[in-house]
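The listed protein sequences derive, respectively, from chains A and B. Each residue of the first sequence is one higher than the last, beginning at 0 in numbering that gives the first Met the number 0. Each residue of the second sequence is one higher than the last, beginning at 0 in numbering that gives the first Met the number 0.
Be aware that a few hints might be false.
[Stated by the list, open to error] According to the in silico footprint, chain A covers these stretches of chain B (three or more CB under 8 angstroms from chain A): (1) 46–52; (2) 261–272.
[Stated by the list, open to error] Now the in silico label distances, taken between C-beta atoms and shown as ranges: (3) B:F276 / A:Y129: 22 to 30 angstroms; (4) B:L192 / A:P80: 54 to 62 angstroms; (5) A:E188 / B:G184: 50 to 58 angstroms; (6) B:Y5 / A:L148: 31 to 39 angstroms; (7) B:G184 / A:R2: 53 to 61 angstroms; (8) B:D94 / A:P178: 55 to 63 angstroms; (9) B:P125 / A:D133: 20 to 28 angstroms.
Keep in mind that the hints were calculated from the coordinates and are not lab data. Note that CB positions come from ideal geometry on N, CA and C, so glycine has one too.
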Amino acid sequence: MIRSLALHLGLVALLFALHFVLPPYHHGNLARVMVLATYAIGYNLLFGYTGLLSLGHALFFAAGMYGMALSVQYLGAAPAPALLLGLVAGLVVAGITGALALRTTGVAFMIVTLMFAQAGYLTILYFGEYTRGDEGFVIQQAQRVLWGLDLSQPTWRYMAAWALFSACLLGSLALIRRPFGRTLIAIRENEERARMLGYDTFAHKWVAVVLSGGISALAGAAYGLLFGYAGASFASVQYSIFPLLWVLLGGAGTILGPFVGTLFMFYLIDLSSGITTAYMLMAGVVLVLLTLFAPQGLIGELRRRVWGWLP
Amino acid sequence: MELGPYLLLATLEGAVTAAVLALTASGLALVFGVMRVVNVAHGEFFMLGAVIAWWVASHIGGAPVWGFTAALVLAPLIVGAIAAAADMTVLKRLDYDPERTIVATIGLLYILQQATLMTYGPDARPVEPPFNQRLALPWIEWTETGLGLYWPWGLSTTSYKLAVIGAAVVVLLGIWALMTRTRIGLLMRATQLDRDMALAFGIPVERVYALVFGLGAALAALAAVLIVPIQQAHYLMGHDPLLLSFIVVIIGGLGSLPGTILAAIFIGLTDGIISVFFSPTLAKILATLLVALVLVFRPQGLFGTRAA
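Just chain A, with the same shape it has in the complex (with noise of 0.2 angstroms):
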């Protein structure tokens, strides 16, 4: 409990460390990083914690990221506000789209989710006189100030996604420590199990889903209230997957694991896409590879080989 407690403390204080030595380069990919991290770890909530494989969190994600453009483009809102619209555009769209989604289980599940976000990509696309489509539209820096804090930034805005990050990691932590955590992991582990001994399932696994998509949607928003930028690729069926293969790639049900996983995919295709312009490749090779060896992912064999404590 100590322990575990010191080593996330640590790394966030390691992330704050950072701000003040890190070349800009760095610096800029490490914000970044955090935001996606951040949709990350809202994706572990359900695929790591609850055991469900969601196939169709960029719905969420950009339902964050338009409900806060949209608001600050249209309605002229402050970024507080438009944040919080954001968030709540990300729960609403998640509790509806969990109800449904939730009568199903396995394989059926994933594809409902993976259809929703499909429909929730076109719709974006078909409302492409509002969202400018796949163009996107940039967000001015004169509407991210924050509190007086200018987004746009480096220092600022590595200081939103550290804090942002932040809380989400000790939140999510502090989670799966209390007994609603516990029981979305036995839920994971034997749902009929959970279900015999009281628990009402489907009560939980559609919290989890809202919880997870309001982390996914803050994570959207952040994204575009920090990098200035809206489009309708973040929708798209690829970024569904990238926090799949993060979570993976770190370890599904660990609490670093999504920050570790993002990291290390970052600066993989960062490199990659130095060499050349197909750097999907590398997480198609990746995703294979993983789910060959280590399913477990990289904090997963760390826990399993090395340290059993990490939770």
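For this one, chain A is given, so just place chain B on it according to the hints.
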């Protein structure tokens, strides 16, 4: 044009879509039916079929018909072999666990797609059809002098498009005969019904699986060779067939071949007709939502009898 000829044109275009879709989707349904594997890389096998067709056709000189015929034979064989190899090296090692095979086939999707991008490049390239006569179609109308035939401007199809529909029917009949009339079809159906019992009876289940996976991919490749003279070969062209095949297989009842073909005709025709009168994007939104709701409320599919 008036509504009537317009509708006929939409139906003809829809029939071509339906024919190609029926082939692609029956490959997906075959793989899901026998192996219980959701092959997300199916669209990439379609794309590979088209790209190989271009490659073969561009290496064989002479009349377009020779290149096309060679492609029609070679592309499904090559793609089938690639798929069978992928089954033996990757899927077999995962023991066909449903969730892990989905993740692995997603990986396979990116590997095939990006490898094509690296070798074939980002351009769209055409294959010349072996024959392509334009056929104007007449329309019957009541005039003051009674029933009259006339040829509305723009109402036409090509002999090649009709040939695509015919070829699809022949291939589907062939698949049906293969599944019901031959020994290998019997082995496939036995494996589908009860894998363990089939194994106990000495059926080489692993080889049947590799064959089925190869056959499913070859069907997608064949569909792509047929469509590539109408569309063009492009490394991202696998996306739409994958989505539509998923829709068709789910609406038709997962893994049922007759249901899949019925659903392909239904989706192909409605897609053609809705796309003519409304926006194609709207047609796709409605289709994807329909699929999600079918899976939620009627998991056995609209035509199927068995739950997924």
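Worksheet entry | Violated constraints from the hint list, given by number and in increasing order | 1, 2, 5, 6 and 8
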